[in-house]
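Engineer: One line per chain: the protein sequences are A and B, in this order.
Numbering of the first sequence is given in our numbering, commencing with residue 334 and proceeding in unit increments.
Numbering of the second sequence is given in our numbering, commencing with residue 11 and proceeding in unit increments.
Keep in mind that the hints were calculated from the coordinates and are not lab data.
Do not take every clue at face value.
In silico BS3-like cross-links for lysine-lysine, where the CA-CA straight-line distance does not exceed 30 angstroms [to be verified]:
1) A:K823 / A:K501
2) B:K110 / A:K712
3) A:K859 / A:K355
4) A:K712 / A:K501
5) A:K542 / A:K859
6) B:K110 / A:K542
Derived CB-CB ranges, DEER-like [what the hints assert, rightly or not]:
7) B:V35 / A:I347: 45 to 55 angstroms
8) A:V754 / B:L77: 39 to 49 angstroms
9) A:A339 / B:Q70: 46 to 56 angstroms
10) A:P577 / B:W17: 53 to 63 angstroms
Quick partial rundown of chain A residues pointing at chain B, CB under 8 angstroms, derived from the structure [said to hold, decoys possible]:
11) G358
12) Y494
13) K501
14) A505
15) E508
16) F514
17) G518
18) L852
Even glycine gets a Cβ: it sits at the ideal position worked out from N, Cα and C.
One-letter residues, chain by chain:
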Amino acid sequence: MEHLLAAIATGPAITFPTISYKAIGPEIILVVGALVVMLTTSLFPSTRGTRTPSVLAALTALLAFADSATMWANFAEHGAYRAIASSITIDGFAVFLLVTISATTFMGTLLGSAYLSEGRFGTGEFQGLLLLSATGAMLLASAGDLIVIFLGLEILSIALYVLAGFEKRSTASGEAALKYFVLGGFSSALFLYGIALTYGATGSTNIAKIAGFLASNTITANGVLLAGMALLIVGLAFKVAAVPFHLWTPDVYQGSPSASVGYMAAAAKAAGFAGLLRILVSAFPTLRLDWQPIIWALAALTLVVGAVLAVVQNDLKRMLAYSSINHAGFVLLGVEAATARGTSASIYYLLAYAFMVVATFAIVNSFEDRETGRVPLEKLRGLASRNPGIAFFLAILLVAQAGAPLTTGLVAKFAVVSAAVSAHSYVLAVIAMLSAVIATFFYLRVVAVAYARGPRRRSLVSQPQMAMAATGTVAAEGEAAVASASLMEKISLPVEAQIVVAIGVAGTVIFGIFPNYILHMADLAKVLL
Amino acid sequence: MSVPGSWYLILAAVLFSLGIIGVLVRRNVIVMFMCIEMMLNAVNLTFVTFSRMLGDVAGQVMVFFVLVVAAAEVVVGLGIIVSIFRRRLGATADDLHILKG
Chain A
334 MEHLLAAIAT
344 GPAITFPTIS
354 YKAIGPEIIL
364 VVGALVVMLT
374 TSLFPSTRGT
384 RTPSVLAALT
394 ALLAFADSAT
404 MWANFAEHGA
414 YRAIASSITI
424 DGFAVFLLVT
434 ISATTFMGTL
444 LGSAYLSEGR
454 FGTGEFQGLL
464 LLSATGAMLL
474 ASAGDLIVIF
484 LGLEILSIAL
494 YVLAGFEKRS
504 TASGEAALKY
514 FVLGGFSSAL
524 FLYGIALTYG
534 ATGSTNIAKI
544 AGFLASNTIT
554 ANGVLLAGMA
564 LLIVGLAFKV
574 AAVPFHLWTP
584 DVYQGSPSAS
594 VGYMAAAAKA
604 AGFAGLLRIL
614 VSAFPTLRLD
624 WQPIIWALAA
634 LTLVVGAVLA
644 VVQNDLKRML
654 AYSSINHAGF
664 VLLGVEAATA
674 RGTSASIYYL
684 LAYAFMVVAT
694 FAIVNSFEDR
704 ETGRVPLEKL
714 RGLASRNPGI
724 AFFLAILLVA
734 QAGAPLTTGL
744 VAKFAVVSAA
754 VSAHSYVLAV
764 IAMLSAVIAT
774 FFYLRVVAVA
784 YARGPRRRSL
794 VSQPQMAMAA
804 TGTVAAEGEA
814 AVASASLMEK
824 ISLPVEAQIV
834 VAIGVAGTVI
844 FGIFPNYILH
854 MADLAKVLL
Chain B
11 MSVPGSWYLI
21 LAAVLFSLGI
31 IGVLVRRNVI
41 VMFMCIEMML
51 NAVNLTFVTF
61 SRMLGDVAGQ
71 VMVFFVLVVA
81 AAEVVVGLGI
91 IVSIFRRRLG
101 ATADDLHILK
111 G
């Protein structure tokens, strides 16, 4: 007994890692905000179905954005550091992506509000889940340990599965959620096995320790390590929708509500690439000759398949899904370069894409058939004569995605291609430029449909027929005409969607005309090795 | 008595492969879901084995993280499955064919 007491009294002290709350500030803000949003709707039932939860969520996202911007200022002054037992890395790369993700989240909450303003159930749940998934994306961006990357990936994905199936009465939305869930869970398991094998081969899950181990040791039989690395790449390739792991993308984009898709396209892509770049550049720089060919093949396939299959789509959401696959190919171009310049180009591309895609889906949101999730291209025919404003902004966003001059689309594409060229990946650069040409075709096709002459409508529904419809003595012919007229009537965007479109178009055009500021930021955003 | 660590690793690899085959081959959503769980547990076995071989606790800590994440995934996954199949008889992936193109 005395021995025991003595052992307790004089035993070694237990040391804990210091928790730097500053390093996970934006994540804490988002989690607290999500709890506040969800508690508000459950404690005050009168706020359900109103704009209150959305306003709270948007304010939370703004706060997280302000905190991320402050972190950028701190980083510019004091430099990069690791925190919380090196499980979090706050470097330029992380903070740049934190800013990107919090901006995306702000636009996402507004777009969500536009979607929810149709008197839908679950206002608080939608916004709460959106904020939580953003937390996961941010953890991925600033991870310093494979465990944190895995947790971030799961926090991001699990919330997104629910958001994909949010249109509860629609079978298409449920199917999208299930497909996303099964393939997401599958890819997470592959990713996790990759972590386990890497851990077995290097003795650590910490990215800095893995890199240190690989730099100081030469592994003669590195089969386990290479298998682990390949599984890590495959797991993240599923998340960013790189071919041949893209099969879920078109179905999920089509079935899910546009508000979820717009946020998912921007945030999941940014987070997935954050994880991929962090692992490849920071943990496996010594294995560059092994992973570069894998990324090369992924990039080439993704560029070609994304562009070619987008051309044959007749549904706007499916087309945007293939276009997002094509964009993933361009980002992979910067990853493949395996240089600081390539990394900067990739994250710049992710920021530019985030602005374009959320704003595009803010417009698509108003054309979507909620039951099937479809947006047939024909629905846009003659849009320019009905809604010149919407057609104009949609055209700007689409030609920006195609890489038109005076938009961030061109700057981003130029940055990744020039990074590839300076890394001597000439063939890949040529493939990328050819796929950009094909991509231009399908973006312009949508613009052409929107600016085409609309179907005749005034002459079909003349005044007497309208009167007959009102009195209920209408002929079948007249009824059809009225139905087609209601299909072609003016569509007005909800005010939140207008704000998102304004932010997206302003970001795309202003930073496209004056690209230097953000490009300079992206250049500073190096990965801490 | 001692068992070589590689036996456990091989067992885990076999279980993981069976899980992959199950997800790709079986058409019942619940079974596909169980196969994913099997893959996660094969990973857990790998983690524990490596942890013992390396004499390092981190691998065993990782298992707890995986268990928690798997539980969260089960909640959301079953929720999605129930919400879809409440008005249907069976849970077969081939019945889900609205989304294509």
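Engineer: Can you verify the interface hint for A:G518: is its Cβ closer than 8 angstroms to any Cβ in chain B?
Structural biologist: holds, 4 angstroms
Engineer: Does the Cβ distance between B:V35 and A:I347 fall inside 45 to 55 angstroms?
Structural biologist: Given a distance of about 49 angstroms, which is inside 45 to 55 angstroms, the answer is holds.
Engineer: Just to be careful: measuring from the Cβ of A:A505 to every Cβ in chain B, is the smallest value less than 8 angstroms?
Structural biologist: holds, 5 angstroms
Engineer: Check the hint pairing A:K712 with A:K501 against an upper bound of 30 angstroms on the C-alpha distance.
Structural biologist: holds, 24 angstroms
Engineer: So, A:F514 near chain B? Judge it on the closest CB pair being under 8 angstroms.
Structural biologist: With Cβ-Cβ at 6 angstroms, under 8 angstroms, it holds.
Engineer: The hint names A:K501 as touching chain B; please verify it with the least Cβ-Cβ distance against 8 angstroms.
Structural biologist: It holds, given that the least Cβ distance between A:K501 and chain B is near 7 angstroms, below 8 angstroms.
Engineer: Is 53 to 63 angstroms a correct range for the gap between the Cβ atoms of A:P577 and B:W17?
Structural biologist: Check failed, 33 angstroms falls outside 53 to 63 angstroms.
Engineer: Mind checking the alpha carbons of A:K823 and A:K501 for me, to see if they're no more than 30 angstroms apart?
Structural biologist: holds, 27 angstroms
Engineer: Next pair to validate is B:K110 with A:K712; report whether the Cα-Cα distance is within 30 angstroms.
Structural biologist: holds, 19 angstroms
Engineer: The hint names A:Y494 as touching chain B; please verify it with the least Cβ-Cβ distance against 8 angstroms.
Structural biologist: Check passed: Cβ of A:Y494 comes within 5 angstroms of chain B, closer than 8 angstroms.
Engineer: Can the suggested window of 46 to 56 angstroms be confirmed for the beta-carbon pair A:A339 and B:Q70?
Structural biologist: This hint is violated: roughly 30 angstroms between Cβ atoms.
Engineer: Run the distance test for B:K110 versus A:K542: straight-line Cα separation, threshold 30 angstroms.
Structural biologist: violated, 45 angstroms
Of the numbered hints listed earlier, those contradicted by the structure are 6, 9, 10, 11 and 18.
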